[in-house]
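K.L.:
Read off the chains here:
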Amino acid sequence: MVIDVTRRQRIAFYLYAVIAMLFLYMPIIAVTLASFSKKRYFSFPISSYTTGWYAKSFDDLTIADLLWTSLSIALAVMAVCVIIGFFGALAYARYNWRGRRAFQRFLLLPIFFPQSVLGLALLLWFNFLGIIPTWHTAIVAHLVWIAPIATLVMAIQAYSFDPALEEAARDLGANSWQVMREVTLPLIMPGVVSAGLFSFLLSWGNFPLSLFTTGADLTLPEWLYAKMVSGYSPLVPAVGAMTVLGVTVLLAVALAVMWTFRRARSS
Amino acid sequence: MQSEQNREGFLCSLPVLALLAAIFVAPLLVIFGFSVMPGKTFSLLQAPTLENFATIVNQTYYQSLLWSLGLSFATVVILLILCYPLAFAMAKVFGVFANVITVLVVLTLFVSENIRLFGWVLVLMKGGLLSGGLNAWFGFQMDSLLYDVPAIVFGMVYVYLPFMLFPLVLGIAMVPEELRQAASDLGASRWTVMREIDLPLALPGILVGSMLTFVLCAGAMAESKLLGGQKVIVMADEIETAFTYGQNWPLGSALSVVLIVLIGFVAYFVLRRVDLDQILGKV
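As they're listed, the protein sequences go chains A and B.
Going by the working numbering, 652 is the number at position 90 of the first sequence; the sequence numbering is gapless.
Going by the working numbering, 92 is the number at position 62 of the second sequence; the sequence numbering is gapless.
Treat the hints as calculated values from the structure; they're not laboratory data.
Using N, Cα and C, we set each Cβ at its ideal position, and we do this for glycine too.
Do not rely on the hints blindly, as some may be mistaken.
Claimed, not checked - Okay, derived cross-link-like pairs now, DSS-like style, lysine-lysine, Cα gap no bigger than 25 Å in a straight line: (1) A:Lys601 / B:Lys261; (2) B:Lys156 / A:Lys600; (3) B:Lys70 / B:Lys156; (4) A:Lys789 / A:Lys618; (5) A:Lys601 / A:Lys789; (6) A:Lys789 / B:Lys261; (7) A:Lys600 / A:Lys789; (8) A:Lys618 / A:Lys601; (9) B:Lys70 / A:Lys789; (10) A:Lys600 / A:Lys618.
To be verified - Not close to chain A: a few residues of chain B, all C-beta gaps over 12 Å, as computed: (11) Gln32; (12) Pro45; (13) Pro78; (14) Thr79; (15) Phe83; (16) Ala84; (17) Tyr92; (18) Phe118; (19) Val262.
Unchecked claim - If you only want the chain B side, here are some residues facing chain A, beta carbon under 10 Å, derived: (20) Glu34; (21) Gly39; (22) Leu58; (23) Ile111; (24) Pro115; (25) Lys156; (26) Trp167; (27) Met224; (28) Ile269.
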């Protein structure tokens, strides 16, 4: 609901929002600028520009490897989160069952947990089970934190869901599987798509959970972090800016797909 | 009918519950187990002891804990003040423009925290965007703003802003407009409306946002490492060091247990007073 404010107040609110957005995007702008700076050590104002660091990153075999590892983890995390989170969301929002309130609170616990502690706890657990950490174990580690988030995202969609629709389908003779496929799934679909997107992107950018659980393998954020603490490398801004670009492209495509989907359905 | 709801709800909750039992509850039990093992062992089969907790009290580890808590508290207070006007505008003033802000804020969450903090290093360092720009355009000399306590708080405010903003928006959106209108019709000033109506009714959102940011800050590490230059050692840092360089799993576990218990206490206290259905938009 929108309220009446004076013209002056309105301008002040908009101005504040713009400043806040500048604040949020400042570091991303800085990384992008630095990636075009020719000098080995960044200083501002930039004296000469180059795209050489991008070419160098493309040729770098380690970076191709890192990309592949990060991508594989993110895709696996997305697939598991969407499937498990879908049922979790129904339990969270759709059914009025006895353990629901306890379930809702329990699901929030991993999200509130410090991720580095979660990662270390998993390292001990893998060790206890005799599993040697590789990027496969990192998938498991990401799930701890991302599966509850995916569930919440779909739960928000499931709240706006009218249970009478399922009952109507059942009264008309549909079995459980048909109800799920023809009624429940299409209604929660927008939530499923956003949850998938969230899962992929959160896994793609995650650092604290990967740190202790990838063993000898490295993800992109881990590599970037290692380079950052060991001193400046001009490849860091270039690779960083490329991951930002990748995220932006993916989101733009996803938004475009969702938009055409919605238009096709409404017409 | 109710029994059917019970059955289906329970069945649907099973996959995610099984997953979390295997990869969340079980690892935590291992951590609790290790925390009562004698120092520097890698096996869970020794006689339990409390020596690790004694070490935490006797050595300087409690300082890190205090630093972590102090930094988190400062961050939460600053975030409340910074986010409230924006959240208010998003819930009550902006209309459709609020969606644009939401998308823009969520977008930044998908860029790795490392990269964003590194961006701030580039802005705040000597010869960076800020000091280099001021020097080149205004001839104003200034030193690096990095590697001190304010830089750490700054980094945490930056990284955790969305986690305060969104709960606040949800909380403020729950305040009925008729009530605010009625109060001001009856002669309440803007401040009175805020103090007597907005703040109490938006309290669930304020509590959730504060708790979320407090808990995340208490376990944060990257800010102090990248922006703080290890000027202060925070709790998560101590835990990592104990596990890696120290090779002392029991001590690291005991430190984790202290952090976990603390966070659990805060989370329990807050979640008990909050109705999650209401905040997430059940009508």
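K.L.:
Against the structure, test the hints numbered earlier, and report the numbers of the ones violated in rising order.
P.N.:
Result: hints 1, 3, 9, 11, 12, 18, 23 and 27 break, sorted rising.
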